[in-house]
Amino acid sequence: MTFAGLSATWVVAGLGLLALALFALHLLRVRLRRVAVDSLLFFRQVAQPLQPRVLRGAPSRLLSYLLSLAILAALLLAFADPWRAETNPSRVVLVDGSGSAAHAGVDGRPLLAAHLDHARELAATEGLGPRGSVFLVAGELTPLLAAGEAPHLLAARAAGRVPTGSHAHFESALLAARGRLRAGDEIVVVGGPQALPETMHGVRVARACPAPGESFGAPAAASPAALEPIAVHVAGAVPPAVALALASDPELRQVEVAAEALVTVADARAALPASPALRIEDGAGSGPREAQRTPRLPFPLSLRDLRRTDAPALLPEPGETVWIEDARSGAPLVAARRDPARDGAPTVRIVRWLVEDLGHADVPRLVLHAVRVVAAPRLPPVCSAGTEIAVPALDGAVADLRGPVPLRLLPSQGVYRFAVDLPGTYRLELGRRHAEFRAVPVPAAPAGAAETTLAALGGTRLWLPLALLALALMAFEAWLYHRGRVP
Amino acid sequence: MSGSDLFDPAFLTSLEALRLIARRVPAGGRHGEQRSAARGMGIEFTDVRPYTPGDDFRAIDWHVFQRLDKLFLRLYLEEQDLPVYFLIDQSRSMSLPGPGGAERRRTALQAVAALSYVALQHLDRVAIFPFAGEELAPLPGTSGRAGFQRVLDYLERLPQGTETRLSEALTRFAHRRLRRGLLVLVSDFLDPRGPDAWLPVLNAIPHRPLLLRTALVGEDRPALRGPIEVVDCETGTTLALEADDALVARYAQAHAAFVRQLEDFCRGRGAGMLHLVAGLPTVPQLARLFTQGVLTA
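Chains as they are written, first to last, in the numbering used here: chain P, 1 to 487; chain L, 488 to 784.
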């Protein structure tokens, strides 16, 4: 949202003028009338003194002035956001959610889903710009995505939306979108009526209506923060107990193509993509083995009766965190690490004999926990404030989150989960490892909660209530000053 | 305020009507026209008494001797001069204009001039001690009818001071060890520390006090409303307050208590007290000293 469509330069100039006017008001506003009297002898006896207004009150009055300015600036920044980069053109994407979008395309999916996919692609590939956003036009305007938000949120916010209304709503939607943009920006209509103006006061109007049945590409990668089924690809020969565990969990969705997978479960011979992986390895060496948890195992397991008289173990690899080891030799049986060769993707290696027992209760637990650990997202370099983040706990240690609000994190189900509610720079310390990321303020749009019209949200109409609110605040403060309630 | 404004001909003419009567004049003073408790060589006959050896032969009433063949002395009231000491407040509050521009200071100076005139006309001795926050140059003892002009000149040139500091002024006056006389204290008595700070000092002074309180019209009910900041014209001290009817009523009560305290003191001390309202003719107000027994013999 911008401040009445003004550029940041004009907003700064306007703020400067407002500051000057405000300063003049503070200088000229009503003070207590001074009356010279012959003595204060009787006044001291009978009057309840108010706060004195002497020269030393000047700093306080200056503070009051600065406070007024801060209120104005905070309101402006919080709601109008004029300082976002203005060099890049912005685009408002209007997604047709009218009744016609309820029809199914050639792929069997509703057109609305195709429209949303296309809008997501647009947001992901071309971006929305500093003033852009995505709106669903379905009877009423519903903000789905604001500038700076991750495109994958679009699907979650549009979930459950039912196409309603008619194309007639596009007229008001176009006008409202125009109010949010400046000359040179763009309005992209996905679906919707065929007849559209080419430009609206310098704002280009483009159509991005996919042909029926057109493929919209691969589905978006599963959002780390969204609670979607984990796409698992099984490659190579994995023990039946592992396959059974993967098939029995409703939160897992097995996919055929490795590129679509969030987690790959594979044996030692399969090639691993640059994604989290659970690798079942045969191991090396022999000897009596008895599985034993290490303190770094990030989820609970009993491991009762998991022993073999003669079985191999994993060959240790540098940088690994051993989750389960042989109680006798200390050789690793389950270990996790981040693989630099695969862009830091986490890998959990499990020795095969440990997950071959179909009847052991710990086998599916180990597999499913390990899948969730490796499927947990890696730390994003930049995220929006308020995002819930899950970081895989490759060991069971306590992690420290340094930031505006320091936290100590305990792993739960193999994952550190936390939310970065406040904007700022965070540092997650996991033992000797650490990662830094930044939480940026979320634009005032919408997280699917408030459904309102564009006109009510912003554009040229927002500054008036803002200005009235600021004036009311200043008038109230002036009244307090006049009554001697503030220095 | 020019001298001609302060002491105009009408004012000077009105002074002839005044006369200062003191209840008691200490013995041992210079000869004057004021009656004294001492019997001596005055001209006002009071009594006779039998002659005793050593009495002045000139006082023997020879007519009585011819009729009764006994010696009696005629007794006269000895008339002595009355030292009159004026302590006049020159603080800023005395110059604060009231309704119609009236100032307490003008009334105070006129009162001093008028009483000085009467005293000098009766061959009394007059001294003026102005006071404020700082000590101002006094007018030393002046007597004789010709001294009135000196008094006027002095009063016209009297500078304005700063604060009302009655206890310090009275203490300084007490240390002068002057002959007992009449102490005329002319002030608004608005000492910031209140009457309790200076009334004990005044009480310890042996002179007979006469308090002339100069007041402004309506000073007991200031016409103030709303949130204001009152500034002490003497010290510059400020006080922010909300003035309303209730506050004015409380102010009037406090003011009345203040005046009552002064009057009670004078009553107990046997002193005189007169309220002079600034803006009204001074001499008629002063006449009440004699006509209404404010100051009785």
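Read the hints as simulated data drawn from the structure, not as lab findings.
From a predicted model like this one, the values you see are computed outputs, not experimental measurements.
The beta carbon of each residue, even a glycine, is placed where N, CA and C say it ideally should be.
Check before you lean on any hint, since a few could be wrong.
Partial list, derived from the structure: chain L residues whose beta carbon lies under 10 Å from chain P [claimed, not checked]:
1) D495
2) F498
3) T651
4) D675
5) L703
6) E729
7) A730
8) C753
Provide an ascending list of the numbers of those earlier hints which the structure does not satisfy.
-> 1, 2, 8
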